[in-house]
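Protein sequences appear in the order of chains A and B. Note that the first sequence ends on residue 147 in our numbering; no numbers are left out. Note that the second sequence ends on residue 1222 in our numbering; no numbers are left out.
Misleading hints may appear alongside valid ones.
Stated by the list, open to error - Below, computed lysine-lysine pairings styled on DSS-like, alpha-carbon distance capped at 30 Å:
no., chain 1, residue 1, chain 2, residue 2
1, A, Lys88, B, Lys1103
2, A, Lys2, B, Lys1110
3, B, Lys1017, A, Lys94
4, B, Lys1121, B, Lys1163
5, B, Lys1087, B, Lys1144
6, B, Lys1164, B, Lys1103
7, B, Lys1087, B, Lys1110
8, A, Lys94, B, Lys1163
9, B, Lys1121, A, Lys88
10, B, Lys1031, A, Lys2
11, B, Lys1144, B, Lys1031
12, B, Lys1094, B, Lys1164
13, A, Lys88, B, Lys1017
14, B, Lys1110, B, Lys1164
15, A, Lys94, B, Lys1031
16, B, Lys1164, A, Lys88
17, B, Lys1031, B, Lys1017
18, B, Lys1144, B, Lys1103
19, B, Lys1110, A, Lys88
20, B, Lys1087, B, Lys1103
21, B, Lys1121, B, Lys1110
22, B, Lys1031, A, Lys132
23, B, Lys1164, B, Lys1087
24, B, Lys1103, A, Lys2
25, B, Lys1017, B, Lys1163
Since the hints were made in silico from the structure, they are not lab data.
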Amino acid sequence: MKIIILGCGRVGATLAMMMDRAGHTVTIIDYSSDAFQRLESSFSGQTMMGDGIDEDVLRRAGIEEADVFIAVTNGDNRNIMASQIAMKVFSVRKVICRIYDPIRTEVYQQLGLEVICPTLVGAELFREAIEKSLETSTPNPAAPRTR
Amino acid sequence: MYIIVGGGGQIGYYVVKGLLAQGHEVLLLDKDSRRVQTLSDELGSAVLRGDACEARTMDEVGCNRADVVIAVTGDDEDNLVICQMAKERFHVRKTIARVNNPKNERIFTKLGIDISVSPTKTILRLIETEIPHHTIIPLMTLRKADLEFVEVSVPAQSPALGKKLATLELPVECNVVLIVRGQEYIVPTGESTIEAEDQVFALVKGSSEAALRTVILGATSS
């Protein structure tokens, strides 16, 4: 599969390495060349410097042949705009967008974007962890018992 | 009308000033507190510090009763989201966005923004109109029909010289509606011919502009 990842931050770089190792063709875009230092030296995909909401940059990255487009820059709005360009202008089959703001997540899900909201996912994981610890923890013997 | 403007730069400032003078209820939002301070010295309570992309802010300022939302920040992605959020979440009827990168004008229209204004493109067009140059000058865009009303001045080396309109390989979605020759004007038929220095006015589909260019200006002109 040909995968384009926009944003070479921690998530973008980690995902790029994973997909590259799994044998996919990966192109990763970032506007700063420093960001590509997050990639390991074994990365065999392509890196491209440029503005991810510029359709010509996306075209040069090969978006017309891409099967998957992932938007994980640190700006919600940038991810939203790039994802919509990928979806509506280039008809990429699978577009996934990261949005931190839960409200924007809801609105753009309604508009048909596939969104991952780390805020909601993270909060949910914390909640589960807390509940699990409440279920399994043995009662503190020092605590007064009410029965 | 109640109008919310996002982005308090030069454009936002003058837009708000104009709208206030017209008697509208206007609210200008900007993220930068220092900029807001400067703006409110002159515009008073029409200015508020806040992010027009944030639903909570927009909720507080009563976005659901706004008639128009105008996004004029320097970032296209922010302008897009301000307008889309206003439309989808607050059901604002009309959204207007500034487009900083002229390439995004088409994309904004595709993504549901009612009106997108590109200052860069406007300036370029003014220059094209004012500086004589054998090219296609867009006079007016009929956005919904994707039609342009254009003017072409015919160069002396035009491949179309002396040929009847009917024999020119004009694109299907192109209609020559007027030819101006000196002081005269001609409402063209298939029998009309084109001469050097003619002003040709045509309605043309956006995608056929290049074909019209080739027919009248020749393949090498751009």
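Which constraints among the numbered hints does this structure fail? Numbers only, ascending. 3, 4, 6, 8, 10, 11, 12, 13, 14, 15, 16, 22, 23, 25
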